[in-house]
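Protein chains: 2
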Amino acid sequence: MNLIKQLNWRYATKQFDNTKKLSNEQLNMILEATNLSASSFGLQPYHILVIENSELREKLKAAAWGQSQLTDASHVIIFAAKTNLSDTDIDNFIELVSSVRGIQVEALSDYSSMMKGSLAKQSDEQKLVWAGKQAYIALGQLLTSCAINNIDACPMEGFDHDEFDKILGLKEKNLASMVMATVGYRSENDKYQHLPKVRKPLDEMVIKY
Amino acid sequence: MNLIKQLNWRYATKQFDNTKKLSNEQLNMILEATNLSASSFGLQPYHILVIENSELREKLKAAAWGQSQLTDASHVIIFAAKTNLSDTDIDNFIELVSSVRGIQVEALSDYSSMMKGSLAKQSDEQKLVWAGKQAYIALGQLLTSCAINNIDACPMEGFDHDEFDKILGLKEKNLASMVMATVGYRSENDKYQHLPKVRKPLDEMVIKY
Numbered sequence: 001m002n003l004i005k006q007l008n009w010r011y012a013t014k015q016f017d018n019t020k021k022l023s024n025e026q027l028n029m030i031l032e033a034t035n036l037s038a039s040s041f042g043l044q045p046y047h048i049l050v051i052e053n054s055e056l057r058e059k060l061k062a063a064a065w066g067q068s069q070l071t072d073a074s075h076v077i078i079f080a081a082k083t084n085l086s087d088t089d090i091d092n093f094i095e096l097v098s099s100v101r102g103i104q105v106e107a108l109s110d111y112s113s114m115m116k117g118s119l120a121k122q123s124d125e126q127k128l129v130w131a132g133k134q135a136y137i138a139l140g141q142l143l144t145s146c147a148i149n150n151i152d153a154c155p156m157e158g159f160d161h162d163e164f165d166k167i168l169g170l171k172e173k174n175l176a177s178m179v180m181a182t183v184g185y186r187s188e189n190d191k192y193q194h195l196p197k198v199r200k201p202l203d204e205m206v207i208k209y
Numbered sequence: 001m002n003l004i005k006q007l008n009w010r011y012a013t014k015q016f017d018n019t020k021k022l023s024n025e026q027l028n029m030i031l032e033a034t035n036l037s038a039s040s041f042g043l044q045p046y047h048i049l050v051i052e053n054s055e056l057r058e059k060l061k062a063a064a065w066g067q068s069q070l071t072d073a074s075h076v077i078i079f080a081a082k083t084n085l086s087d088t089d090i091d092n093f094i095e096l097v098s099s100v101r102g103i104q105v106e107a108l109s110d111y112s113s114m115m116k117g118s119l120a121k122q123s124d125e126q127k128l129v130w131a132g133k134q135a136y137i138a139l140g141q142l143l144t145s146c147a148i149n150n151i152d153a154c155p156m157e158g159f160d161h162d163e164f165d166k167i168l169g170l171k172e173k174n175l176a177s178m179v180m181a182t183v184g185y186r187s188e189n190d191k192y193q194h195l196p197k198v199r200k201p202l203d204e205m206v207i208k209y
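So the protein lines, in turn, are chains A and B.
For the first sequence, our numbering begins at 1 and goes up steadily by one.
For the second sequence, our numbering begins at 1 and goes up steadily by one.
Hints in this document: simulated from the structure, not taken from any laboratory.
Do not take every clue at face value.
Just so you know, same-sequence chains aren't split out, so a pair can sit in one copy or run between any two.
[Stated by the list, open to error] Distance condition first, Cα-Cα at most 27 Å in a straight line; then the derived DSSO-like pairs of lysine-lysine: (1) K20 with K197; (2) K21 with K5; (3) K208 with K20; (4) K121 with K14; (5) K20 with K191; (6) K173 with K200; (7) K116 with K200; (8) K171 with K121; (9) K116 with K171.
Pulled out of the complex, with its shape left as it was, chain A reads as follows (with noise of 0.2 Å):
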């Protein structure tokens, strides 16, 4: 496996193959991958969710001007950041940590305390900011991972977030969408695999000191 090949290969696909489908395999590994992502704390402060339904993906598609990758695509992966992110959410996390690494609750107190003050810190506004930025990475994480599988994905923010959150019910679930990405595979028909990918020069890109 070559990175930067399979990097280059990779494109934000406009036409999927609607008869070509992620194996429950591929799915599995794509979607493990993407929980295995960095986030700030290690806290996940976000859902992936996994659209396959596609009375929804008609009503996504609407709520996305009419962008084909909601309908053609395998699946649709959408990133749904926290809204009501507080103590609760840190305690269950400890609780976690606890457990996995077999440490007392007590002994995190420290660790937990520090986040909680953290949280503290921030507006609502700041925090959902932020958990967003979480979710960016493991949205990185996603492309990289379908790449080097050989899936295409397309990275996605252009969308009516507050049509997506209601056909969702995400507001219910206190979660906001953030961004999305549909993933499958490349029709022939596409044209854009065939255009040269467009990059600043990494000599323009990298500031070096």
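Position chain B relative to chain A; hints supplied.
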């Protein structure tokens, strides 16, 4: 290369071996991989700062609560978002697309207008948040790229951003530090490498529709 195995091998490295450096080839490879990250419209609204200068790294460490990764890692990579995104960035991007793909600038005018319209709708603060999110996609791609190449990394949000911006003279460059990753090789003495990874179970993280 087993992706899941490599992502489980990865951890937020607390203690780097300060005698081990990435080769130029390795550094270039992870920077090139990072530069191939997806970004909204392909605009890449950030720069990638690579810090080797040890005097600067001491100063950055002091502005990051003395975290040893700043001076012990092989390299410090900081993502700095553009603070003055404007129509000029769109025009420059269109020039780049035109040159790479051999398309007349005039034929890209609808695309240009669409992107300018998208920028115009956002406040300066919203644009900075949006640019920052694109940098987080690149951070995700960087972390994955390091992991599959057995390069250690520690993503870090916890630092005095204003102080970093001063130390690196970012304001004058119309940039603002967003997030960083220290990269290199783990120390044998870093006890965190032996702790089981803490992640929410996949069936709790994923919501299926």
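Status of the hints after comparison with the structure:
Taking CA atoms no more than 27 Å apart as the test, K20 paired with K197 passes inside one copy only; the shortest distance there is 25 Å, against 34 Å between copies. Both within a single protomer and between protomers do K21 and K5 lie at most 27 Å apart by alpha-carbon distance, with minima of 24 Å and 25 Å respectively. In this assembly of identical chains, the alpha carbons of K208 and K20 lie at most 27 Å apart only when taken from different copies (20 Å versus 44 Å within one copy). For a Cα distance limit of 27 Å, the shortest separation of K121 from K14 across copies, 25 Å, qualifies, whereas the shortest one inside one copy, 41 Å, does not.
In this homomeric assembly, K20 and K191 come within 27 Å of each other (Cα to Cα) only inside a single copy, at 18 Å, whereas the closest approach across copies is 45 Å. Proximity of K173 and K200 under a CA criterion of 27 Å is satisfied inter-copy only: 17 Å between copies versus 40 Å inside one chain copy. Within a single copy, K116 and K200 get their C-alpha atoms only as close as 40 Å, which misses the 27 Å cut-off; across copies the closest is 19 Å, which meets it. For the identical chains of this complex, K171 and K121 are neighbours both inside a copy (24 Å) and across copies (25 Å), given an alpha-carbon limit of 27 Å.
Within a single copy, K116 and K171 get their C-alpha atoms as close as 24 Å, which meets the 27 Å cut-off; across copies the closest is 31 Å, which misses it.
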